[in-house]
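Q: Starting from the known structure of chain L, fit chain E onto it as the hints suggest.
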Amino acid sequence: MAKNCHNDYKMKFSGDEEFPDLSLHNNHMAKVLTKEIYAKLRGKSTPSGFTVDDVIQTGVDNPGHPFIMTVGCVAGDEESYEAFKELLDPIISDRHGGYKPTDKHATDLNFENLKGGDDLDPNYVLSSRVRTGRSIKGFTLPPHNSRGERRGIEKLSIEALASLDGEFKGKYYPLSGMTDAEQDLLINDHFLFDKPVSPLLTCAGMARDWPDGRGIWHNDNKTFLVWVNEEDHLRVISMQQGGNMKEVFRRFCVGLQNIEGIFKKHNHGFMWNEHLGYILTCPSNLGTGLRGGVHVKLPKLSTHAKFEEILTRLRLQKRGTGGVDTASVGGVFDISNADRLGSSEVAQVQMVVDGVKLMVEMEKKLEKGESIDGMIPAQK
Amino acid sequence: MAGSFTRMIAGRNGAVLLASLGAGTMATGFLMSDNPLAAEVRTKLYPPSSDFPDLRKHNNCMAKALTPAIYGRLRDKITPNNWTLDQCIQTGVDNPGHPFIKTVGCVAGDEESYEVFSELFDPIIKDRHNGYDPNTMTHPTDLDASKITNGVFDDKYVLSSRVRTGRSIRGLSLPPACSRAERREVERVVVMALAGLKGDLAGRYYGLQDLTDKEQQQLIDDHFLFDKPISPLLTCAFMARDWPDARGIWHNNEKTFLIWVNEEDHTRVISMEKGGNMKRVFERFCRGLKQVEQLIQERGWEFMWNERLGYILTCPSNLGTGLRAGVHVRLPNLSKDTRFSKILDNLRLQKRGTGGVDTAATGDTFDISNNDRLGKSEVELVQMLVDGVNYLIECEKKMEKGQDIKVPSPVNQFRK
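Chains as they are written, first to last, in UniProt numbering: chain L, 1 to 380; chain E, 1 to 416.
There could be a bad hint or two in this list.
[What the hints assert, rightly or not] Here are the simulated DMTMM-like pairs of lysine to aspartate or glutamate, each with C-alpha atoms no more than 20 Å apart in a straight line:
{"no.": "1", "chain 1": "E", "residue 1": "K77", "chain 2": "L", "residue 2": "D8"}
{"no.": "2", "chain 1": "E", "residue 1": "K57", "chain 2": "L", "residue 2": "D194"}
{"no.": "3", "chain 1": "L", "residue 1": "K155", "chain 2": "E", "residue 2": "D54"}
{"no.": "4", "chain 1": "E", "residue 1": "K57", "chain 2": "L", "residue 2": "E182"}
{"no.": "5", "chain 1": "L", "residue 1": "K35", "chain 2": "E", "residue 2": "D242"}
{"no.": "6", "chain 1": "L", "residue 1": "K31", "chain 2": "E", "residue 2": "D242"}
{"no.": "7", "chain 1": "L", "residue 1": "K12", "chain 2": "E", "residue 2": "E185"}
[Claimed, not checked] Restraint-style ranges between C-beta atoms, simulated for each label pair:
{"no.": "8", "chain 1": "L", "residue 1": "T312", "chain 2": "E", "residue 2": "K57", "range": "44 to 50 Å"}
{"no.": "9", "chain 1": "L", "residue 1": "A106", "chain 2": "E", "residue 2": "I220", "range": "54 to 60 Å"}
{"no.": "10", "chain 1": "L", "residue 1": "F193", "chain 2": "E", "residue 2": "I101", "range": "34 to 40 Å"}
{"no.": "11", "chain 1": "L", "residue 1": "E159", "chain 2": "E", "residue 2": "D76", "range": "25 to 31 Å"}
{"no.": "12", "chain 1": "E", "residue 1": "I220", "chain 2": "L", "residue 2": "E260", "range": "30 to 36 Å"}
{"no.": "13", "chain 1": "E", "residue 1": "H98", "chain 2": "L", "residue 2": "V329", "range": "34 to 40 Å"}
{"no.": "14", "chain 1": "E", "residue 1": "K57", "chain 2": "L", "residue 2": "V197", "range": "17 to 23 Å"}
{"no.": "15", "chain 1": "L", "residue 1": "I37", "chain 2": "E", "residue 2": "Q216", "range": "54 to 60 Å"}
{"no.": "16", "chain 1": "E", "residue 1": "G363", "chain 2": "L", "residue 2": "S14", "range": "53 to 59 Å"}
{"no.": "17", "chain 1": "E", "residue 1": "K57", "chain 2": "L", "residue 2": "L24", "range": "55 to 61 Å"}
{"no.": "18", "chain 1": "E", "residue 1": "N150", "chain 2": "L", "residue 2": "Q183", "range": "36 to 42 Å"}
{"no.": "19", "chain 1": "L", "residue 1": "K365", "chain 2": "E", "residue 2": "K57", "range": "53 to 59 Å"}
{"no.": "20", "chain 1": "E", "residue 1": "P47", "chain 2": "L", "residue 2": "Q183", "range": "28 to 34 Å"}
{"no.": "21", "chain 1": "L", "residue 1": "I37", "chain 2": "E", "residue 2": "Q294", "range": "39 to 45 Å"}
To be clear, the hints were calculated from the coordinates, so they are not data collected in a lab. Built from N, CA and C at the ideal position, the CB exists for glycine as well.
With the rest of the complex left out, here is chain L (with noise of 0.2 Å):
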């Protein structure tokens, strides 16, 4: 897709006569847009040709939700942060705490780095991940790219995954003429990611072509796994049983930087810069992109009056363990990092480090009939 031209011939009509309906809508896109953004935004359009209305055509088609606040634009390309700024800049300011255009964001993926992890206690915490997204230098995004670019991308991850050894060997299944039994095998080991069905995505062009150049990619031992153009072109994901946080993040990192490696040795390393750190397609996963979490049981914790003020001060989220907005099942719950832009890898998995263990500990007393006020955190 060289150019958008369509976006020539929209310039016919006046940007009041463009600009959408977006009255009954509650979204981040929603909130920041204005005919002033609008008319000086509607004009421009990035080397391969995405526009503001391509940015934002999903938040027009998405009004929301009265309490869940979507974000409600995407990135077509690398190129979109810096030609939208005016749009994009106050979005990812509502959305990651008040970060400044002028802030610079700092990448650790020095597993060294992290204290601790490796001892939260099995009886509590189920399940540990760490997932990420990499998008690709030199080709657009899914909501954009075309079929030539999703199928190069591809290629190039079969051949950077191919080369990977030791605890790193695995295959690649792509998602086009993949067998029954691959199929029952993925799905059993919760890997297998579906056409998606969300207008979120669907509105933003990202499942056009499906199935074509998607696939999965895991290593033997299973217990680390890479999308291939689902919403990124990349997404990562390291996990295990039990609670060793420590070693899920080790590894997390050795195959990050081992991808990462080989990529840039055919000269398409990750998009990243030092103010927005990873480029992902959606906004809210800029920076780390990264969310890592455990599956753990708080029983008590969980109805606990202060259970949501002591996961704002440790800025951890809970989710259902379906995951995003799915309801809790027998007190476990999915505990994650708050944040991805402005602090480092290391930094954040620490948080769910520290901030897992205290609740546990909290869960242990309450279970004994003790108070926990005393161990109340301060806000991190």
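A: Leaving out everything else, chain E in the frame of chain L:
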């Protein structure tokens, strides 16, 4: 692929290439990017063969017609409204189709799509419309309802009669392609014209954005309200964008003439009533259409139409007349006869359940309508429907008396 990219970078102007492809964050070249170098490099990096869709599992008209050679010739073309082939075929790529139901698999973004991409659209049109060749044939338009004979059916059998079509406003892009401003312009033009209808056609417009709960419930009870499309055939063709902006329903006070604005087409026009008076339904249909056309012409607008393809609509299956004339008819005996399908085939009719396309029939009542859209005029198609339904009712009456029925010989395809 990565190899060829590396070779390009290593050559002359490597830095310029890198910059124009945005391989670093560059602050230049964003405003009204007219970077021919970027487009050229992109074309070299991604020749049409790299972009050709994987259609091996597909069963739609587009997948049948599209070859790498055709794709190669058309991929880099654009219509005057800047619509591309990839955008036309996206819905067909995303919806492989069904082993039994043959979908079309492509849409037009504007009137010119049918010209600029005729190399793909013409074979699809031929496939879908019984061999109609837009290069050698012309499509007749005839909206003179007085020509219809025997157009009043026995109310004991026919419960309701209905005729629908679509119309597009020339000069504005179609629903897959239109911008918000264009869509709002379509709404403005149509609503202004409809306000000029009088007598039995006088009515009012209900914009989807501004419906009160009471109005919404009334429209649902009348079976008039259309909802945001959920069919991936439509959503993958970009037709649900910006919903419900500039969408609405207009109907006359008598609730016998109804127009949908900015759903699958700029307008869908429907005339209907209970009972079997198809002649009156068609008469109102033609009268209403002609009046609306006059009202928009007074303001300098016109419908998209040409001799080759008749009325231009979003989906190639609706070209020509865009007309589906049908009845809800009770055929308890005939529908159980094994010859029922063959009789319908020969009469060039199709059956649907009374819930619409692909619903199952409830009991013995069927929605029976014309198969064809292009190559025959409105009058011809409605007359065929009328003759066909009369024949079906005759069969039903015969079977009630215990008499046998005959399968009619097939009706002719085209005039020639």
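Q: May I ask which of the numbered hints given earlier this structure violates, with the numbers listed in increasing order?
A: 10, 12, 15, 17, 18
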